[in-house]
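As you go down the protein sequences, you meet chains A and B in turn. Take the first sequence: its letters are residues 1 to 351, numbered as in the numbering used here. Take the second sequence: its letters are residues 1 to 177, numbered as in the numbering used here.
Warning: the hint list may mix true and false statements.
Simulated pairs of lysine-lysine, DSS-like, Cα-Cα distance not exceeding 25 Å [stated by the list, open to error]: (1) 52/A with 174/B; (2) 52/A with 88/B; (3) 88/B with 152/B; (4) 62/B with 82/A; (5) 171/B with 140/B; (6) 35/A with 62/B.
Ranges between beta-carbon positions, derived for each pair [unchecked claim]: (7) 170/B with 65/A: 32 to 40 Å; (8) 27/B with 45/A: 31 to 39 Å; (9) 79/A with 124/B: 31 to 39 Å; (10) 48/B with 41/A: 43 to 51 Å; (11) 25/A with 66/B: 30 to 38 Å.
Covered stretches of chain B (chain A as the covering partner; in silico rule of three or more C-beta atoms under 8 Å from a C-beta of chain A) [to be verified]: (12) 55 to 67; (13) 123 to 137; (14) 161 to 173.
These are calculated hints, taken from the structure and not from any lab test. Remember, it's a predicted structure, so these values are computed and weren't measured experimentally. We treat Cβ as the ideally placed atom computed from N, Cα and C, and that holds for glycine.
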Amino acid sequence: MKNNDQHKFTPEQLGAYYDGQLGESERHEIEWHVKTCPRCHAFLADLTLMDKAVERAENVSAPDGYFDTFGSAVANRIARQKLEPQKQDKRFGWGWVTAAAALASLTIILISGDLTKQRFQHPAPEGYVPAPTEIPADLKAKDEAPSEKPGSDKGSLGSNPVDAPQKIKSNITAPGEQAKSMQPSPEPGLAEVPAEKATETGATAKAAETMAAPPQMTMSDISLDKEAPTATPAKRAKDKAAAREAKFERPDDFIGAGLASAPAQAPTQTQAPSVAQVQASAPAPVLARTQASASVPVRAKTPTPPTVTALEQSPAKVDNVTVIVICLPDGNMDCPEPKVTSAIRIRLSGD
Amino acid sequence: LEQQTDQALIAQTLAGDNLAFNLLVTRYQRAVYAAAARILRDHDLADEATQETFVKAYFALKQYDDSYKFYTWILRICLNLCYDQLKKQKRQTPLDEALEHQGPDPAEIFAGNDACQRIRKEIDKLPMDQRLVVQLRVDKDLSYSEIGQTLKIPIGTVMSRLSRARQTLGKSLKEIL
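The task is simple: from the sequences and hints, build the whole structure.
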């Protein structure tokens with residue numbers, strides 16, 4: 001604290017000395033020093049002058065008679081506040097009730113929003129390429145090219161029905177009936193149902209049996225003398241009934257939502273199948289039958305999806321194209337059963 | 001009763017004797033009002049702050065730590081209220097008014113001439129931490145230790161803040177002192 005130059009004591013110490021805040025020994029020491037140090041003496045003189053001026057300037061004089069009633073004013077205020085806590089508690093309580101209600105509402109909204117998101121956005125498997133929803137014009141000439149195109153728009157399909165040529169006789173097995181035999185549920189909303197839920201229903205188990213040994217499609221499987229397309233209301237009702245049985249009820253307009261959101265999802269399952277798996281195993285029967293409906297028997301045995309040509313060559317207007325992706329075990333025999341990851345129904349109904 | 005210590009009066013107040021608390025009010029009302037008036041520079045605001053200080057002290061008396069002086073405890077309540085009031089004033093005062101009036105006219109409660117006004121203005125220009133130490137030190141009853149208790153700072157900090165404030169005031173008030 002002490003300086004080695006002319007000033008033996010710091011301004012803090014000299015100020016404390018002036019304020020009488022030092023111990024006796026230090027006070028004596030400064031007293032002796034100030035007598036012999038003109039600068040410290042002058043410092044203390046200035047400090048005294050300034051302190052007196054500050055004290056004079058900061059001297060407060062309350063209005064006359066102010067303190068005569070001050071005690072009673074405080075007592076009245078205390079008495080008032082003793083009565084107020086009830087009001088304050090009531091207000092406080094309502095505030096909490098309101099806040100709790102708002103929080104509960106927000107929670108419900110968030111949860112429902114999250115559930116809706118889960119329903120509408122099913123994670124697509126790794127490398128999943130969305131099914132074609134729009135038919136590019138250049139594919140008309142390329143029959144053998146795969147029709148899977150990412151970034152498809154379901155709206156274009158819904159509003160642009162594909163008319164099949166009339167030269168081919170139109171007797172195609174209804175997709176709804178095909179789904180009954182080959183899929184756990186023909187309802188398009190399957191895409192939004194988690195795989196675990198599908199497994200719980202037991203429908204997937206049935207599908208697993210079917211899909212474990214994909215049926216070899218032949219020309220005999222393609223009945224050209226069967227029913228007309230599923231455009232009839234009776235057929236749709238039948239499809240819906242089948243869907244309800246499988247507990248996969250979804251509104252019809254829900255198809256689009258699932259279609260739009262499913263490809264955008266990142267895979268979350270640990271055993272997400274690769275593109276090859278999806279193409280080689282899961283979609284094969286379904287797509288094959290779709291192609292079969294389009295009268296392309298050669299493609300029926302391949303996992304490639306239907307082409308535009310196939311659709312156009314179909315003997316009747318294609319009303320529904322159902323695409324189901326089922327994940328089969330990736331060579332892992334420990335996996336007990338395949339899982340349905342998504343199902344998309346594309347409505348191509350025309351006139 | 002009037003000669004009883006603060007602690008005894010506090011105990012009686014907590015026992016339900018409101019007269020004891022009234023004595024505490026009478027004992028410290030001038031000092032608390034003066035401290036509030038020095039900071040707020042306005043009688044009405046100081047009156048409000050002083051009354052509220054004692055009301056708050058009454059309802060918080062159970063939390064009083066008797067290892068500190070009652071005066072420093074109640075002064076701390078007052079300083080907090082004054083500080084809140086200053087912040088409120090700062091928010092509410094438009095810029096034009098703030099430029100015209102550096103604060104409420106203290107003429108009614110502060111005696112003195114123009115020199116005293118100038119000194120108060122210079123004090124008000126100090127940083128708040130230094131200003132509070134200077135204004136508390138005007139009350140000679142408060143030691144460095146008690147100022148430190150009131151502001152919750154060490155004695156060394158009290159000394160250094162006071163010294164810096166005095167140096168600043170010494171420079172700014174050199175011509176009038």
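Hints and how they fare:
1. 52/A with 174/B: holds (14 Å)
2. 52/A with 88/B: Violated. Residue 52/A to residue 88/B sits at ~32 Å, over the 25 Å cutoff.
3. 88/B with 152/B: Within the cut-off at roughly 23 Å; holds.
4. 62/B with 82/A: holds (15 Å)
5. 171/B with 140/B: holds (23 Å)
6. 35/A with 62/B: Violated, because 51 Å separates the two Cα atoms, which is more than 25 Å.
7. 170/B with 65/A: 32 to 40 Å: Given about 38 Å between the Cβ atoms, the range holds.
8. 27/B with 45/A: 31 to 39 Å: At 36 Å between Cβs, range holds.
9. 79/A with 124/B: 31 to 39 Å: holds (36 Å)
10. 48/B with 41/A: 43 to 51 Å: holds (45 Å)
11. 25/A with 66/B: 30 to 38 Å: holds (31 Å)
12. 55 to 67: holds (count 3)
13. 123 to 137: Our answer is that it holds, as 4 residues pass the Cβ test (under 8 Å) against chain A, meeting three.
14. 161 to 173: holds (count 7)
When held up to the earlier numbered hints, the structure conflicts with 2 and 6 and fits the remainder.
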